[in-house]
Every structure is written in structure tokens, then in C-alpha cells.
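Enquirer: Keeping their order, the protein sequence lines are chains B and Z. The opening position of the first sequence corresponds to residue 0 in numbering that gives the first Met the number 0, with each subsequent residue numbered one higher. The opening position of the second sequence corresponds to residue 0 in numbering that gives the first Met the number 0, with each subsequent residue numbered one higher.
Simulated from the structure, these hints should not be mistaken for laboratory data. Do not take every clue at face value.
From the structure, some residues in chain Z lie toward chain B, with a derived Cβ separation under 8 Å [to be verified]:
#1 Leu156
#2 Arg806
#3 Gly874
#4 Lys885
#5 Asn890
#6 Phe892
#7 Leu904
#8 Val939
#9 His999
#10 Pro1002
Quick caveat: nothing in here was measured; it's all calculated off a predicted structure. Ideal Cβ positions, reconstructed from N, Cα and C, are used throughout, including at glycine.
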Amino acid sequence: MASTVGEIDNTLDIPGQRAPLVLGGHDFTSVTDTVSAVWEARRPPRAWYIAFAIAVTLLAVLGAMIGYLVFNGVGVWGLNIPNGWGFDITNFVFWVGIGHAGTLISAILFLFRQKWRTGINRFAEAMTIFAVMCAGMFPAIHVGRIWLLYWVFPIPNQMAMWPNFRSPLLWDVFAVSTYMLVSLLFWYTGMIPDLATFRDRATSKWKYYVYGLLALGWTGSSRHWHRFERAYLILAALATPLVLSVHSVVSFDFAVSQLPGWHTTIFPPYFVAGAIFGGFAMVLTLAIPARSLFGLKALITPRHIDNMCKVLLLTGLMVAYAYGMEFFTSWYSGNPHESFISRARALGPYAWAYWTMIACNVVIPQLLWFRRVRTNAWGAFAVAMAVNVGMWFERFVIIVTSLSQDFLPSSWGIFIPTWVDLLTLAGSFGLFFTLFLLFCRYLPLVAMAEVKTVMPQATLTHAATPHPHEHVPSKRAFDYNPDEYEAHKRKKP
Amino acid sequence: MKHGPEHAALAYWRSLDELANTPEFQRLAGAEFPPELWNQFSTGHSGGASRRQFLKLMGASLALAGMTGCRWPKENIVPATRQPNDRIPGVPVQYATAFELAGTATGLLVTSYDGRPTKIEGNDKHPFSRGKTNHWMQASILDLYDPDRSRSPVHRLRGPDGGSEKHRTWQEFEAFARSHFAELRTKGGAGLCILSEASSGPTFAEMKTRLLCACPQAQWYEYEPVSRDNEREGTRLAFGRSYRPHLHLDQADVIVSFDDDFLMLHPAAVRYAADFAARRRADDGTMNRLYVLESNLTVTGSMADHRYAVRSSQIRRALEHVADDVAHRLGKELRSPIPRPPGSTPLDPATAAAIADDLVAHQGRCLILAGPQQSPEVHAAVHVLNTWLDAPGHTLAYTDDPDLDRPSHSAALTKLTEQMKSGTVSTLVILGGNPVYAAPADAAFADALAKVPTSIHLSLYDDETSRQCTWHLPQAHYLESWGDARAWDGTLSIVQPLIEPRYDGRTAIELLALLSEDQLTRGHDLVRRTIGAMFHWGTDWTKQWDQALQDGVIRDTAWPTVTPALAIGRIREYGAGSTEELVFAPDYSVYDGRFANNAWLQEWPDPITKLTWDNAALIAPTQAKLLGVQNGNILRIERGGRALEIPVYIVPGHAEGSLTLPLGYGRAAAAGAVADDAGTNVYPFRTAADGDIALTFLVRATGRHHDLATTQDHHAIRSRVGDDETQRRIPELVREATLAHYKEHPDFAQHVEHVTPAAALWTEKQYLDHKWGMAIDLSACTGCGACVLACQAENNIPVVGKDEVARGREMHWLRVDRYFRAASEDSRDQGSALVHQPVACVHCENAPCEQVCPVAATVHDEEGLNLMVYNRCVGTRYCSNNCPFKVRRFNWFYNHHGPQHPRSLKSDKAPAPGKLRQLDLTDIEKMANNPNVTVRSRGVMEKCTFCVQRIAAVRIKAKNERWDRIPDGLIVPACAQTCPTDALVFGDLNDPASRVRKLHDHPRAYALLAELNIKPRTKYLAKLTNPAKLPPSGGT
């Protein structure tokens, strides 16, 4: 079994050869051992405890804040007329956006045969589930009478009332719940072989039963594998349109209304790009500490991070383009209300939020043009953090600046968050990280079965073996050896 | 058959009580488990309770246990043996009465549900006020149910240790008063002084006479902190005796106001606003023209065609410039030939000449007015000018002053305090008012009061004055009182009570009857006696009396007009100018402070500043720059050894060098929970010597800040880009033209914004039956804000408190937007014009709110009303976000005493853990609610319904009585009912004869934000102005 080695650079593309996606000379057994070790360890690392303590504390804060909200009324937040929405829906869109990367990585990259996804897809999917849970919470608690929230679901009732199917808020209910359901199924389905591995390695009775139950009787037979791969493919195909639809529907909350700054046809693609942007930033935020914390550097390699940074850069440029287009369309439309809101964002009372957003989402991600930033864990992490902040502010800018200065100047009004707003936002991170840290500890953090498929050992073919008489090839012909790469690099002037 | 008495008792009983009142029953009922019953269950087959019996018993117990929850709260109900005529439970009735403020009455109709008054409307049979009211009258219903009002007489003993106070009964006070006043009467009333509020009622005058007859040496004084006494003194100067001027604004083509806010603060403002507005619509192609010279920007100033910001202390000089020019043109001599003093002139000569030209060109059709804070000399000059310009008989009338011998209020108070200080006053009776709070500072009334051995204060509240008196007596609210009062023109109304005094209060006339040992004691009898003596109705008495009560007015009681002759031909020298001044002005919301405990008025946005819950020193923007202050920064003003700290509020258009200090705030805790902590008391600076304009003072910024809550232009939202955009939008939102332009282009309002007709994507709903709509004439709207309070009273709109207003959570369904329109970017701070625009839900036919509600809680009805179904609302607030007018209001908390309501803040009831401190409405406060309007709960959106309850009431009646059609004008929403100028008109757009239909088809009509294709049902009529052909420089 190979141990984790120091950081090996596998980010270079050598023509004709492919970069290895698993480093450190792992074989199938050692991959299983490495991933299972996180779970099998007697105790998680000390950092896990610290992080968990913080997260649980924040979760408790969230509980207290929701209790306070429900006891007293939505007035404990800083909302007012005109700002009927503030942190609540900002947080909702922020978390839904984060919930995008998981399914994108799982489904779309799967369909596009992006093999590097295997190292990160499991926890990206987990992140999706937890982010959507955080997201779903906000529309639920933001209503004035939470005890009547079930009225938004089309449940047959004694009033013979349907919800209003024309309302984008109702579309949200369907879009987000569908997304949640499919993401959960996808995540769980993909996890079944790994859960079976845990079952097989269980050291106690209850673990055996729990994981056994979750593994649904997986035996690893060819038939199982066949069914599994078919199901996975179908779910990927189902999930793919959802990646695009959820955030499009979320954007309809704004685009379908007639508020200047919201009423924009560019919103669906702009929101999807933004969501992928924000989602990848959060994957990076989670992956970079996790890989060193749990000794997964060989499975989540610099190449993975490099690839994610490239996605971040690309989607960041798309978002920047959208920002520019918003200005252009507001000018080109000749609609004075629209052009005012564009000016007001950049120069008005919320200019600080707008320029924070521009700095974090447009300026800072340009650092990712530099390979040294992409391959430096700290650099990538810093940029990802900036994007996290920037994407939160993007939603804040869209929601609050538009609401605060609409048609009649007499009713313009500022939104100032209260301590409850701020603690609820912090508390939502508590919920997210509590769930994520529990996931790290109790579920397979990396998709073992899938990682194995991208290792050279998986495609052991006679023809591909450069030395036919060698008994066990250590690598595939077209995977370059990182050492060769070092040599290659030295050859360069 | 023999009938024993026991049998008879069993066979016939008069009541269930009697039947139940047998000793046997009493014994059984007294014992919880009577042995007989218990034995009944225990004599089963086996000696104990059988299983069957046990089950029966338990089953019955369970079934009955549930019924304990069905009990109604215990109340004592006295059923009517015979139903009174025309009294149907739950059907409101209206009674006529009158509201008197500082000696001037307005006729009212008060709606009462089962003996519980809930809403005040104007009495349309009143010949003077003609069915209109202002915001003070609308809000006065809340005072009736104010839990802070005092409930019993209080006897206070002064002592070195702070004294003691004891709550007494009226009987105890009566016992004291009988002996005390009997003794006084034996002395002829020597040492007795009475200080009363202004009162116009004949009964009050009668009681005064009776007391003074019984106590000939007693002294009677009258004091009002705010009055038009200077005008009265001015008539005395001009004509040799005092007269009361009456304006006929509907006859005036040119009106020049020298610092007179006659549209808002004149006692007859309700009528005058209507008369003024009648000439603003240009229906006959003519309009009046209003010139206003004033220091503070007032409602009247906002309606001016030409407004000049002139310091109040300079008004006299400005007037004299105009007067000179007028005199010159008329060939008259006004004053001794003293040359105009050099230095700054408040009005440049060209302007003064232009005003004079306009006046002279409109002789007999013009009117000059001067404000009550101006000196009697200014008023005298105005009377002289008006007479020269032939105003009397045309645009102006005089009547004899109702109380010729009365000294002016400030003189009276000064004299009284001198007497009190000299120790000659042994007994002081204060009828209403609050002189300890509101007397001029130099009178030192409180110190003088301490020297009076017996002082009796009759007042609604155990207030500042009561706390310094030896007796406080609770006064009855006017809706609990019998009385009478006269309108400004003398029209007599009978004040009749709507309800028994809730707090054991008595009226001033009843107290006077008690003090003078009148044989009559009840207010009703006293009023009947006076009215009976005044009118010789003879055998017709009952019918006439009933008619007077029913109409709320006794016909033909207006005073006859007289034509006084000028006693002077010239005015003395120019008034001294000054560069800085303090001006004391009554506050638009709390007046002189008497309404300070009225939460509706505290939260009612000032028409100009939009301030709530506070007063502030109002200053010009340039002045603010000079002092280095911004809104809310605290100024320190020093004057005569006193210092005052007050936040500042910047008013564009305010005169430079002038600080306006609104009266009525900063009441002591005694004033009540609502008044406490609101604003700053400026009375300590107001002296009888200087009147309302003080010239010597020091002012500096303290560097500290006080948060002011306004409903518009929240400071933090202001930005340069926003201000630019606001200026760009104002002409689109409030469309305006001059009369000349309007005549050339009657449809100018249609061409402000290009609205492309949008083809409907679906078959749009047709409204074939009724189609309710509203029209708001911006030419007529003065921005007075009476509609806001009428709406609040009608629709149970809660008060949320200052902090909530500051957050932007006020609940008013109807707001009056006001915009300062700058002629250019540089002049944005200078003499801006002010435009008002009432905005409530416009009931869009393509309502953006309805589409986005996920639970369909806001929907259209068959008549096109955009309705809120409160029960269905879950509170996503999406409707409000998508409302382009932002007229929807959300209940962020449970608002019937929300957590920021002063009563909640001052509650000592500890909240449950995790809950904010909230105080439930008391049963008394709940009585103010309109039972036909849902009291909205927490988490629910609400908004204007076009008073759907009023529409429904008429619609039901029409259906029941098989009317062919609902006559136009029968359904009037609360806002339109109260609007003094009839700027708001409601009706059926499908009725081609309806007023609203005609106004919708008017060339001036336009829909706000029509370009959004929302098809609003409310249309605005563009504002017209009538500036002079050659606008004098400096005007707006």
C-alpha cells in the first residue's frame, strides 16, 4: 500500500499522454484503504473536532434564531417596505447556487466523460444536498405565517384551493424539491458500492447492520454492476436538465416580476453560470482542507484543483459578461427605470456591496489565469473564498438594490440587517458544516468504486502494455509519470 | 282537586332561579359529590357501581368536559324589553355632534355600533364645514378610548416631603367643593380665579355668567397657547374695536398670504381649504393665484403659485413694501414718510411691485392675509390694505368679535400669574388646558401656581398642570359630553354624547354648575336651559330640539356680518429687521401639545417634513451648511439663561436665518405613555413678551445625534444618483402645467410619457356590473393628510411606534407623497416647489401583486377590486416586492401594540422567554376598532381595499331593496369622505354619469406608471398652477 507522498504536480498536459488522476502509486486496495481510513480511524483528526464544535455551535445559533423568528415575527429581521426580501432570499439563492456544482460534476461531467470528476464528485454531491437543505430552509422560514406554509403545496384540502400556479415562488417549490430529490437519489445511488465496502469492512455489529441496510444487498456481481451503471447513467441524464432548470426557475422569481433590476431576460443563463461559479468555489473551499485533513492528496490531486480553477475562471468570465450585459441592456433598452437601477447599483447607497461583488467575482478570479495560483492550494483557496463572498453579494445586490429603489422615489428605503439576520446567515453555515463534517466522518468521502475506474489498472489490456512480458504493469501507457513531467519541465528553457 | 302551596310552587314558577332556589337544590348544588347521587351509582346489583353505570358516568363526564370550552365570557347583558326604534344590533347609526378646538367648532357625524362610537365623519348638513373634517377630528376618537386618561378625581396635598396624593370620588370632591365655594360665595368670590380654555358655546358662557353673578369679585381668564389673538388685536387697531374676519376664498382671484397657513392652521381651515381648492381646478378656465411669503415651508406655501421664503420677523417689512406700492397705485398714503431703511430687503422691489400690480388689478377680487404669529400692527396694516382693495363685502367679511371685552390670551395669562404671585388668589379653577406646560415661559405659571392654596384642574389627563394643583378632576371627552359650540362663522351646534363617560369624567359646564350651586347638574339639562332661553321655539320646542340634535346644527345661527370703518389711515414705521429668528409654530400633528398622547397623530407623517413621533428645529439647507449639521444632529439653543437641545431637520424652501420650533412635544411622563419621550418641549423658550418670533438667541451644533423617523426620504437611501433620478421622475409622476399652458394644451398630461398600447395576450376580463375607481385631483390636494387618518380610523390600521417607522414599517394604507421639485440642480436646496400626491392601492386591473402570490391570497373580485384575503395570506411579501407603488403593508409583528409601540415599550409585564415585550390592547382600546374590518394578525399583508366594507354595505342594501342602480356618491371611502377639498373622488366607472367617470375622462387625467400596462383604477388629475404672466424673480 502506498502512502501519501508530498505534493506531486500532475497538472501539465504532455501531448499524447494523459496526466494520472491518482498519484502515489495506489492500487485498488490502497485506494479503498485510504478512503476507508477516514471512517475507520478511531478518532477523527483534532481539526475535525474543532470544526465540528464550531459548526454545531452555529447550528444551535440557527435554531435559536429560527425560534426567535417564529415566536416574534419576521420583524426581527431588518426587512421593511420596500425591501420585502433581504437576507432571507439572498441566502436562499446563495445556497441553491452552491447546490449546483455537485450535480454538475456528477451528471454533466459524467456524461461528458470527464474522468477527473471521480475524485471530487462524492463530496461535491454531498455538498449539494446540504446546500439545498440550507437553501430550502430560507423560503420556509421567511414567510409571515410559517404554520400555514403547507398551503404552498398542492395538497387537496377542505378549502378546495390550489396554490397559484402562476407564481414563480410556487415554481420554486417544485424546482427545488425536484432537484433535492434527484440529487439525493443520485448521491445515494452512486454511493451504494462504497456503502457495501464499508459494510464489508465493518468492525461492529451496528455498523454492519446500518451500512448493510444502506447498501441494499450489494454483492458486486456483474448483474449488479450492470444495473448500477445503467441507473447511474439514467439519473445523470435526468439530473442534467435539472442543473440548468433549477437556477433558471430560481431566477424567474426575479425575472418574471416587473421590478427594475429583476425584470431581465438574461437572468436564467446568468444565474446558472453564477451558480456553477459559486458551486465550484465552494467545492474548492471544501476540497482543499479536506484532502490534507483526511490524507486524500493522492486522490484529489493538484490536477483536480487546477481543473476546478479553470471551471471557476470560465464561469467567472461568464458572470462578468453577464454583469456587463446588464449594463448594456439597461442602456440599450432605453428604459429609464432599468438604466437608473444599473447606475444606482454602482453609485448609489449600496455601491459598496456592488463593488465588493465586482472585486470578488470579476477581479480576483483573474488571478486564476496564472498557473502558479491554480496549483497553489492557498492561492486557489483564497480565490475560492473571494468567490464565495462575491456570490453572496451578487444575490444581495440583485435583491436589495432593486427593491430599495423602485418606481416611486417616495417609497425608497434602505435595508439594514439586524443581528438576527447576521446570526441566521452564520447559523446556516453551521447547519451546512455540521452535516458536511458528519458526512466526512461517516460516509465514503471519495467515490472509491469510481476512482478505481480511472486508474490504469482498470483498463489493463494486453495491447496497451508497452512491455508485454512484464507481469503487472504499473501504469497505463498513456498516463505520463509525474517524474517524467519533472524531467520534461526541466528540459524547457 | 286541592292545591297546596307546595304544589303551586312546583307548577308555576316565575323564573328558573326561583325554581332552583329550593333548599334541596341548594344543598345538592353546594356539595360536589352529593351522597344521594353517589349512592345512586353505588346501589348497583353488586352493591357498588355497576360497570354499565360507571361507563355511563364516565361517558357523560367526558362529553360534558368538552363543553366547558364552549362557555362565553361572562358579561352582564341587559336585554331590551322592547327593541328601540331604528336600533338593530350590529347596524351602525350616526349621530351628529361637534368637535371644538380652541373655541371653534366643526360639525360631525359619528358612527356608532351598538352604542360604541368608532368613526368620525363630517356633518354634511353643517352649513360651514359642509361634511368635511381634518386629521385632528379624525384622530379624536382615539382619545376617547385612551387608557391613559384619568379615571377619578385626585386630591394632592403639598408638603415639604413632596406632599401626598389620594384618589377620591366625585362625591368627596362635591363635599369639599360645596363647603369651599359656599365660603367663597359669602365673600363675593374674592380670591377666586377661573382660567378656562377658549370656548364658543352659549351654555358655557351662560354658566360663566352665573358663576360670576354668584361671585361678582371672581376673575375669569381665558388662555389658549395658540390663537389668532394678534389678528383680533389688529382689527382693534384698524377699526377701533375687535372683529372677526371671515374669508371668502372662493371669491378671491388673487390671495397674498403673509406668513399665514390658512389652509391648515386657521380655525376654519377645513372650509377655507375647500373654498380655495374650488378655484384651483380651472373648470371655468379661471384659477385663483396665491402668493405666499413665509419663513417655514407650510402646506399653504406648498400650494402657492409664487412662494417667497422670508423670515417671519421680516414679513412686516415685506408687507410694507407691498403696501407702499399698493398705496402708491391707489393714491393713498399708508404711513408717515420715513425712508425705507437701508440694508437687506426681504422682497426685491420688482417682486413687491408685481404683487402690488396684481392686487390692484384685482380690486374687489383679492385678499391679503397675515399669520397669527405676526404682530397686531401687521394685521392692522393688512386690514387697511384689504379695505382699500375693496375686499370687505367681496372676499372678506367681518363679524363682531364673540367676546369683545376679553383681553388677549397672553395678556390674560400674564395678569393672572401676577395676581397669583401676589398671593391674592386663594382658589384657582382651571377648566381644561395645560398652562403649566403651555404657558409663556416669562409668566412662570408653575411657580405662581404653587402660591395658590386651592387649585382645581379639570382635564382629560392627570397632566403636568394637574400634578401641580391640589385637585385634579377627570374631564369628559367631547364624545361623552353635552354641550354646544359655534363654528368660525357662528353657526351653533349641539354637542351630544355618543356614550356614557367611560372614566367618570364631567364637562366644564357641569363643574361650573357644581361650583355655582346651580339647581341643574346634568349637562343635558344645562344645554336645554340655555338653548331654550336663546330660541323661542315655544310649543314647537321638542320638535325643534330633536331637529337640532338630528341635524347637528341650529339653522341660521351664523353671525350677521358688519362693515367696520377704518379708524386709522396710516401705519407706523418699518419693523425692525433681523438676521436670525426663532419662530414658534403649532405642530401639524399635536397642535399645541393637547394631542400628544394620541398615537395616530404621533405616527401621522407631517405633511411637509414627513416626521413622526418627534419635533425638530426646521431650518434651511444653507443654514444647515452654515451650522455644519445634518438631519437629526442636535442643536443647542440658548436664550435668556435657558438652553434647549433639539434635533434639526432640513426643509428646502425654509427661510434662511430662521429656525422654526414646533410646539407641543416633550410632554412630561404625566401626559401619558404615548406622549412621553416624543420630541422636545420648546415652550420654555416662548415668552409672552416676544410672542411667537424671538430674535435674541444663540445656536450651535452639539455634535450629537438623535434619530428622527420619517416616512419618506430615509436618510440612508439618499444618494446623488438617486436624487438626480428623483428629479427626473417627478414631472412624470406629478404632472403639472400652468393655467396658460393648460388652456393651449388641455391634454398635456397625456403627452408626458409615451405609452404604447399593449395587445392583450389573453381575453381580458370585462367588468360589466360595477367597476369601482378613484380619481385624485392634484390641483385640489393640499397634502393636509386628513385622508391618512381617516383611513387609519376606518380600517383599524395599527400604530407601530417610532423605531418601526424608522425602519420603514409604518402601516398607513394611504400615504401622501411629497416631492421637492427643484428648478435646476443648483437650486435643489433653495426655493423648491413642493408637490403632494396621495397614493394608495390603485387597484390595477392587471395587478402585478396577484400573479406572484403563491397561495392566491390576493385576487380580483367581480367588480375589479384588488382584494387581500387575509386568512389565506402566508406572508411571502412577494406581492409587495412586485407592487410598483409599494402601497402594500406587512404586519412584521403582531401590531396591536407591537413591540415598538410606546405602550409595549413602557409595559412592565415581563415577556415570555424569547418573546419581545408586547402589551395586549386593553378592552377599552379594542372598542375603537371598526367591527366591519378584520383586525389583521401577524405575518399578513394588507393594503387599501377602497373601503370594501362600505361598498358591501351599500351593495347589500341595494340588492335587498331591489334598486335599479347605486346612485353616484352613495359609496364614499373614508379618505374621500373626509377630504376637505374633495380631491379624492370614488365611484363606479361603468356609470357614465358618475363624477369619477367624468374625471377619468377629463383631459387632465392620467394613470401613474401606465407604461407598465397595469391598468390602474385610480387616475390622477394633473396639477395646475397659475403663476403671474411675468413671474417675479425669486419665485417658484
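Enquirer: What are the numbers of the hints the structure violates, in ascending order?
Expert: 1, 7, 9, 10
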